[in-house]
Amino acid sequence: MMRLKIGKATGLAIGACAAIAAVSLAVPSAMAQRDPAYAAARAAGQIGEQPDGYLGFATSPTPEIRALVQDLNIKRKAAYTERASATGSTVEQFAFTSGCNLIANTKPGEKYKAPDGRWLTRDASPPVRDSRCL
Amino acid sequence: MNQRNSGARRRNLTGRTLTLVTVAALFGGCVQIETPDKPIEINLNINIRQEIVYRLDGDAKKLIEQNSEIF
Chain G
1 MMRLKIGKAT GLAIGACAAI AAVSLAVPSA MAQRDPAYAA ARAAGQIGEQ
51 PDGYLGFATS PTPEIRALVQ DLNIKRKAAY TERASATGST VEQFAFTSGC
101 NLIANTKPGE KYKAPDGRWL TRDASPPVRD SRCL
Chain V
1 MNQRNSGARR RNLTGRTLTL VTVAALFGGC VQIETPDKPI EINLNINIRQ
51 EIVYRLDGDA KKLIEQNSEI F
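One line per chain: the protein sequences are G and V, in this order. Note that the working numbering numbers the first sequence so that position 118 is 118, with each residue one more than the last. Note that the working numbering numbers the second sequence so that position 38 is 38, with each residue one more than the last.
Be aware that a few hints might be false.
Below are the BS3-like pairs computed for lysine-lysine, each with C-alpha atoms no more than 30 angstroms apart in a straight line [what the hints assert, rightly or not]:
| id | chain 1 | residue 1 | chain 2 | residue 2 |
| --- | --- | --- | --- | --- |
| 1 | G | Lys75 | V | Lys62 |
| 2 | V | Lys62 | G | Lys77 |
| 3 | G | Lys75 | G | Lys107 |
| 4 | G | Lys75 | V | Lys61 |
| 5 | V | Lys61 | G | Lys107 |
| 6 | G | Lys77 | G | Lys107 |
| 7 | G | Lys107 | V | Lys62 |
| 8 | G | Lys77 | V | Lys61 |
Restraint ranges, calculated between C-beta atoms of paired labels, are given here [to be verified]:
| id | chain 1 | residue 1 | chain 2 | residue 2 | range |
| --- | --- | --- | --- | --- | --- |
| 9 | G | Thr62 | V | Arg55 | 31 to 41 angstroms |
| 10 | G | Gly88 | V | Thr19 | 52 to 62 angstroms |
| 11 | V | Thr19 | G | Thr90 | 50 to 60 angstroms |
Quick caveat, the hints were computed from the structure, so don't treat them as lab data. Keep in mind it's a predicted model, so treat the numbers as computed, not measured. Glycine included, each C-beta is placed from N, C-alpha and C at the ideal position.
Excised from the complex, chain G in its bound form:
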C-alpha cells in the first residue's frame, strides 16, 4: 500500500513538473523576442512600418539590413496568407489591417510610413494613418 502511495505521489510530482516545464517552454515561444539586429535597425530608424503591413527602408539599407527585412517580410506574408484564408479575406486586406495595428504600436523614435508615402518619426502623438484604420 505504502509503495503504491509513494508511487502515486511521485507520479503526481512528475506530472506537475511536466506541466510546469510545458508552460515554461510555451511562454518563451509565445513571447519570442525580436532579433537583436532587427531591434537595433528599428530603434535607429533605418527601417520602419508601412501601411501595407510590411517593413520598409527609411534610409538606404546595408546588405545585412536588406536581407533581414526581406526575411521578415516573407515570414509576415506567410502569416498574413494563413490568416487571410482562415478569415475569408485577401492577403492584402489582412496585411493592411495588420499594418494599421503595427503603425499604432510603433514606439516614439521609430519610423513609419504615412499614407502619402513620407517616412515620419513616431512621437507621443497618434501616428498619421490611413483613414480606414480603426
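Following the hints, complete the assembly by docking chain V onto the known chain G.
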C-alpha cells in the same frame, strides 16, 4: 358640343402633362448633373473597406501578439 369641349380639355390636359414632364425632366437633368460627385463614391469605398478592417482587426491583433518575433 360637349364632346368637342371634352376633347379640348383632354388636349389641354395632355399639353399640361407634357409641360410638367418636360419641367420634371429638366429638373431631373439638373439633379443628375449635380449628384454624381467624386466624394460620394470614395466614401462608399471607404465604408466597404472599413467594414473589412473592423472584421479583421481582432485577428490581426492576435497574429501580431502571437508572432511578436516577426513584427
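Outcome of the hint check:
A hinted pair counts as satisfied when its Cα atoms are at most 30 angstroms apart, and G/Lys75 with V/Lys62 qualifies at roughly 16 angstroms. Restraint check for V/Lys62 and G/Lys77: satisfied, since their Cα atoms lie roughly 15 angstroms apart, inside the 30 angstroms limit. For the hint linking G/Lys75 to G/Lys107, the alpha-carbon distance of about 22 angstroms falls within 30 angstroms, and the restraint holds. This hinted pair checks out: G/Lys75 and V/Lys61 have alpha carbons roughly 16 angstroms apart, not beyond 30 angstroms.
For the given pair, V/Lys61 sits about 16 angstroms from G/Lys107 by alpha-carbon distance, which is consistent with the 30 angstroms threshold. Only pairs whose Cα atoms come within 30 angstroms are accepted, and G/Lys77 paired with G/Lys107 is accepted, the gap being roughly 23 angstroms. Of the pairs offered as hints, the one joining G/Lys107 and V/Lys62 holds, with about 19 angstroms between alpha carbons and a cut-off of 30 angstroms not exceeded. With a C-alpha separation of about 15 angstroms, the suggested pairing of G/Lys77 with V/Lys61 holds against the 30 angstroms cut-off.
In this structure the supplied range 31 to 41 angstroms holds for G/Thr62 paired with V/Arg55, their Cβ-Cβ distance being about 39 angstroms. Between G/Gly88 and V/Thr19, the C-beta spacing of about 55 angstroms keeps the proposed range 52 to 62 angstroms intact. Take V/Thr19 and G/Thr90: their Cβ atoms lie about 54 angstroms apart, and the range 50 to 60 angstroms holds.
Hint violations for this structure: none, all hints satisfied.
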